[in-house]
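Engineer: In order, the protein sequence lines correspond to chains A and B. The first sequence begins at 1 in my numbering and counts up one residue at a time. The second sequence begins at 1 in my numbering and counts up one residue at a time.
Since the hints were derived computationally from the structure, they do not count as laboratory data. Warning: the hint list may mix true and false statements.
[To be verified] To give an idea of the chain A side of the interface with chain B (calculated C-beta under 10 Å), a few residues:
| # | residue |
| --- | --- |
| 1 | 14 |
| 2 | 107 |
| 3 | 109 |
| 4 | 111 |
| 5 | 157 |
| 6 | 158 |
| 7 | 162 |
[Unchecked claim] Derived CB-CB ranges, DEER-like:
| # | chain 1 | residue 1 | chain 2 | residue 2 | range |
| --- | --- | --- | --- | --- | --- |
| 8 | B | 21 | A | 121 | 41 to 47 Å |
| 9 | A | 78 | B | 124 | 50 to 56 Å |
| 10 | B | 52 | A | 115 | 32 to 38 Å |
[Claimed, not checked] Simulated pairs of lysine to any residue, SDA-like, Cα-Cα distance not exceeding 20 Å:
| # | chain 1 | residue 1 | chain 2 | residue 2 |
| --- | --- | --- | --- | --- |
| 11 | A | 53 | B | 126 |
| 12 | A | 53 | B | 87 |
| 13 | A | 39 | B | 9 |
All figures in this text were calculated on a predicted structure; none of them were measured in a lab. Backbone N, C-alpha and C define an ideal beta-carbon position, used for all residues, glycine too.
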Amino acid sequence: MRTEAVFDLAEQLREEGIILSYSGYVSEAILFALGEALKLRMSARDADALLVKRLFSIFVEQVQNIIRYSQERTAGPPPLGAGIVLVGEEDGSFFVICGNIVPADRIDRLRSRLDAIAAMDKDDLRRFYREKLREAPEEESQGATLGLIEIARRASLPPSYDVVALDEERSFFCLKAFV
Amino acid sequence: MEKIVLPPTPRSPSVDFDFQTGRLGLRGEAYPENAAAFFGPLLQAVREHFADGGRDPTEVEIDLVYFNSSSAKALMTLFQLCEEAAEGGRPVVVRWWHGADDETIREFGEDFAEDFVHATFELREKEETPS
Chain A
1 MRTEAVFDLA EQLREEGIIL SYSGYVSEAI LFALGEALKL RMSARDADAL LVKRLFSIFV
61 EQVQNIIRYS QERTAGPPPL GAGIVLVGEE DGSFFVICGN IVPADRIDRL RSRLDAIAAM
121 DKDDLRRFYR EKLREAPEEE SQGATLGLIE IARRASLPPS YDVVALDEER SFFCLKAFV
Chain B
1 MEKIVLPPTP RSPSVDFDFQ TGRLGLRGEA YPENAAAFFG PLLQAVREHF ADGGRDPTEV
61 EIDLVYFNSS SAKALMTLFQ LCEEAAEGGR PVVVRWWHGA DDETIREFGE DFAEDFVHAT
121 FELREKEETP S
């Protein structure tokens with residue numbers, strides 16, 4: 001990679017308001033280290049402690065989704081999932097974006113879950129969280145729905161997502177939540 | 001049963017389970033690397049403690065500043081065990097602590113409270129500590 005290209009990438013991240021970025025394999029230890037970096041960065045900005053807690057909560061659930069559900073993964077130990085993590089600021093609000101490759105046949109279910117969550121108000125989300133907490137975790141998903149509801153509850157706007165089909169078997173899935 | 005005492009880490013709470021006195025406490029942060037590995041043995045110990053069907057009172061103190069959704073599942077299981085023990089006749093009190101301005105933790109407490117019929121659930125606000 002040319003130096004100019006590295007500089008352009010750094011500039012682009014800066015222009016997009018990104019304050020923290022990571023691309024590659026993520027483990028729980030890396031999640032922890034990135035979380036510490038995020039907290040330091042936020043405290044250097046004198047951000048409100050409760051806002052930082054909400055941002056951190058969204059960050060943890062999002063990054064754990066990469067570790068658990070990215071299709072590019074190693075079983076470990078420790079389990080690793082590949083993806084991209086971006087935390088930034090846009091018009092005075094902080095956001096967390098996470099992207100990773102998922103099997104194409106999971107997309108429909110993911111869409112319907114996220115669309116249902118996006119249509120809910122705070123009270124609906126609270127009830128839905130309680131309901132999911134009482135259920136045994138769904139197969140293969142280790143309580144993924146609970147994590148998505150948690151993200152939506154801490155977010156100031158419904159989390160938005162997008163999907164880019166890579167081929168018949170793989171799609172790139174991206175979730176963005178503003179705190 | 002043997003006491004379980006674990007120091008807090010940046011991502012797991014301090015654990016102070018004294019089965020002799022019936023006082024069980026969790027304090028701090030809760031997003032352990034592996035929630036099942038962290039909470040599994042604790043829940044198993046509580047299960048065994050309650051299994052004797054005794055009537056000695058149990059007090060559970062939960063003072064968490066943050067927990068992730070995987071830990072919420074474990075808390076739910078802990079509370080279900082408490083509720084079952086109370087239904088069986090053991091006096092059980094669960095005290096849920098939250099910061100004065102921490103609406104997130106208070107809301108979680110309110111939601112957990114709805115599941116208790118036989119055990120007593122107390123929502124407690126922490127005194128402000130000067131920072």
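Engineer: Hints first: check each against the structure and report whether it holds.
Structural biologist: Each hint, compared with the structure:
no., hint, in the structure
1, 14, "violated, 29 Å"
2, 107, "violated, 22 Å"
3, 109, "violated, 18 Å"
4, 111, "violated, 20 Å"
5, 157, "violated, 17 Å"
6, 158, "violated, 18 Å"
7, 162, "violated, 23 Å"
8, B/21 - A/121: 41 to 47 Å, "holds, 44 Å"
9, A/78 - B/124: 50 to 56 Å, "violated, 37 Å"
10, B/52 - A/115: 32 to 38 Å, "violated, 49 Å"
11, A/53 - B/126, "holds, 17 Å"
12, A/53 - B/87, "violated, 36 Å"
13, A/39 - B/9, "holds, 16 Å"
When held up to the earlier numbered hints, the structure conflicts with 1, 2, 3, 4, 5, 6, 7, 9, 10, 12 and fits the remainder.
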